[in-house]
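Given chain G, work out where chain F should sit, using these hints.
Protein chains: 2
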Amino acid sequence: MCYNFSKMEDIMSTTVGIIDLGSNSIRLTLMQTGADGSYKLLDEIKETARIGENMGPERVIKPPAVERAVRTVRLLHRFSRANNVDTMFGVATAAVRSAVNGVQVLETIKNETGLSFRILSGREEARYAYLGVANTLDIKDGLVVDIGGGSTELILCRDRKMVCWASLPYGAVNLTENHLSAPGSGTGGLERLESCLCSAWRELSWLESARGLELLGVGGTMRSLGRIDRKQINYSLNILHGYFLPSGRVNAICGLLRDMPVEQRKHIPGLSKERADIILAGAAAVSALLAFTGSPGIRISGSGVREGVFFEHFHGGGPGPVVDDVAGQSVQNFMSLYRVRRQHALQVAKLSLSLFDQLVSIHGYGSWERRLLGFAALLHDTGNVVSNFAHNKHTLYILLNARLDGLSHRETVLVALIAACHGKIELKPLLQQYGDILEPGDDILVRRLGILVKMAENLDRSESGVVEELVCSIGEKEVLMKCKTRDDAGLEIRELYKNVTNFNKVYGKRFRFPKEDV
Amino acid sequence: MCYNFSKMEDIMSTTVGIIDLGSNSIRLTLMQTGADGSYKLLDEIKETARIGENMGPERVIKPPAVERAVRTVRLLHRFSRANNVDTMFGVATAAVRSAVNGVQVLETIKNETGLSFRILSGREEARYAYLGVANTLDIKDGLVVDIGGGSTELILCRDRKMVCWASLPYGAVNLTENHLSAPGSGTGGLERLESCLCSAWRELSWLESARGLELLGVGGTMRSLGRIDRKQINYSLNILHGYFLPSGRVNAICGLLRDMPVEQRKHIPGLSKERADIILAGAAAVSALLAFTGSPGIRISGSGVREGVFFEHFHGGGPGPVVDDVAGQSVQNFMSLYRVRRQHALQVAKLSLSLFDQLVSIHGYGSWERRLLGFAALLHDTGNVVSNFAHNKHTLYILLNARLDGLSHRETVLVALIAACHGKIELKPLLQQYGDILEPGDDILVRRLGILVKMAENLDRSESGVVEELVCSIGEKEVLMKCKTRDDAGLEIRELYKNVTNFNKVYGKRFRFPKEDV
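Quick mapping for you: the protein sequence lines, in order, are chains G and F.
Here the working numbering is used: position 322 in the first sequence is 322, and no number is missing along the way.
Here the working numbering is used: position 39 in the second sequence is 39, and no number is missing along the way.
Just chain G, same shape as in the assembly (with noise of 0.2 angstroms):
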């Protein structure tokens, strides 16, 4: 008898796959769910189709656009059938939801290539834009942007919920071609394309709410301004999702892109080629809409209408289609991807947490630290995953490297390099490398955190829960600690006490066992 883990998995799981039918480009998004709650991004695709290309004044779909949608969509459907796609998601936006010729459009493809694509009222794009980025970001009240190659999204959320909502026929394909590459259109296109957007904003009453919140930005105009971003500052993070750009940087960005010819744009790091043309337009639609709401900046979302699309299906039999608690849901699914043991990383958290609450006088934190510390002892053993050898430094690395949902860069920096502490690691040279996004005090943060791990996997070293309960007295230069145990602890301590030995640099006291536990 011979099993395939791969294969009993893929039996276990379902895959589904999403297709986004945009003005500019063609995605698919496959997403893997396990039996066990879990869901993980098994690979994405996407062609620049611009089916949205040249549909003029008479908002037809051209021949040849359609053309190229067809095979984008047939390879497409023939990836998705490689990796065994159970349900296919097909939805279309503003392009086809907008030409004249929408429905024949996607008559064809289905008939060229089996697959069936419904489209999108701007009411869904907005609620599916929202359903991505609500899903993926703890926002709590924010506009969040979805700019596409023709149509823009805008949905005001308060206390997480969506309360307003417009979706206008502006987006960096259409802009570019009415008012920046028209024969004719001049130097002036910029400010056309600037005036025309603000006589639509000015027209959703309810936009003025929004004046002064941050910008939720979707959507691949977004995505490659921060990329831009990123790559100018030389961002030390290598995560999108969550990036912010406040607006003096958006409206540089802006005016460099406005003094560069298309073919010098090409060279911009950060920025794909194919986005070239059509960048400025966007990057212009970006910047009008910050200065028209005083917002601070943009955080950018890496998730928005597939994700939002898929949401619906995940949580389709759940609480609802928006998750209350991001980062904690974010890391019960990384302890399943990752296959934690459960119970040990249970035990570890319990012990930090037991430390951290009867140490509070001596470090003063909250709970926003509390918080972060548990979510670094469930996950202090992902790195498992790639070696045992070494395995916090690979923690370390999957933390900084795989996107943990619902934390800002700093809590994602944080909670890697505390999780890291369990094992050996040089702090020092990571707290320079991450200099950018941490804070002052983070450094003795981590180290008073990560300390905690630290004692509280060692005190675990069998895995087998021995130790029920901790007890600390602190004394004036010691904190005497004792175990309830179920069974002999004496060489979890020793263990505990060979590998922690900068207690007192962090804390300023000594721990000490009883002697007779050791």
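Any given hint might turn out to be false.
One copy or any two copies: either way a pair holds, since identical chains are not told apart in the list.
[To be verified] Only pairs whose alpha carbons sit at most 25 angstroms apart, straight line, appear in this in silico SDA-like list of lysine to any residue:
(1) 393 x 428
(2) 40 x 393
(3) 393 x 426
(4) 393 x 236
(5) 46 x 121
(6) 424 x 397
(7) 231 x 430
(8) 498 x 263
(9) 231 x 397
(10) 515 x 427
(11) 393 x 433
(12) 393 x 241
(13) 266 x 123
(14) 482 x 118
(15) 266 x 512
(16) 161 x 200
(17) 498 x 262
(18) 110 x 494
None of these hints come from the bench; they were simulated from the model.
The following block gives chain F in isolation, referenced to the frame of chain G:
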């Protein structure tokens, strides 16, 4: 119905525990074997219990040592149970074998902990060390040297086979006690140690035929020497297994240790505090053996007796206890462990090897390079286990950090870099970073083979094996590539044109597909 992947994996897999009751330390290795033929190190745990300490000329394991052994075995047993070990192998080596009360001590341990141990004969210990090495390093001829706490095993390998062996009752613990720490051992201790060992070696007539061979170093002493040296030269790769330590550097480390009191040794980077007292005896023994055999140096093996016990069990039903193609087997194992989509990996390997063969007149590479290319192609997607986004960089990380057996460190770095080339990567800083391992010409080798993996990956972008055959015609200025396809591969070829932009630079010719294919 709710499955749990980790649980299902547990059900479909077996966890094997191997405890080695050695003179210096007691170590447990947990290996997980999958029903798909894969295996991985789950965890390791050790405790320096020193049961061989103070045995004295009466060769009795003393009560404090028995007490330490019982407590340690109890911890390891608890750890094993927490990890659901299915099969446990306990082996006892030199200290127990040579002690007059060895059998009683094992009985005590069994009564107190429930775990039973088998005493290995010198021949068995030698054979397991050999099995550990031969299954994880691509050795042909060499002298395996396993220095333990209470004995040293020497095994001559010819053509990967164990042809001669010896087990000598000298290890780092008893050599220290007998020559270096006894009252009045004075300054002549090292000379006496060496002369004692040399007399023993001279009695092994077959050892003469090992003259000039590489030593394959097993055990804690060897690993420590490797770690100290790596720290001293700031070695770039974070893998110990397969690390080569030239004779001259062993002598230098030995000199360093000789001139230092034990307390000071505890601060040598790479050396654990617990080994500081016995490392000099071990290092002196290695240094003397290198001189005795005229060997160029030691290749450190991270695998030894415990892994040998595992491989005997693992290959039990298979082709015999030593695998022929260590690297090939390890690559297959990685494909299972990191859940590579096998069909796509095989297609990328097929296409890149086909390109390699057809371009041989341009690159002039041979079977060694071809083999590395094949491995890189099969492993190019391992990084997906971390995250799909930028997964080529995660592939690089995994291949540089997880232990791909049977490859030299140079080969490991080459395979990792070639595999990473299928996505965006800045090669220059990486080639510099691993400059201490790479050789002249390796930069162009990486670029040339990397681009083949990238082309093959692009030609299978839909992962559906659409390209059945590739035929290249090499002209003066260009390479014309024709595809035999089972479907429209136009988008794949366009992806290839878009992503592969420096073929001309590394091969001195442009590539082109027939217009009608694009």
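List of violated hint numbers, smallest to largest: Going through the list in order, the structure violates hints 10, 13, 14 and respects the others.
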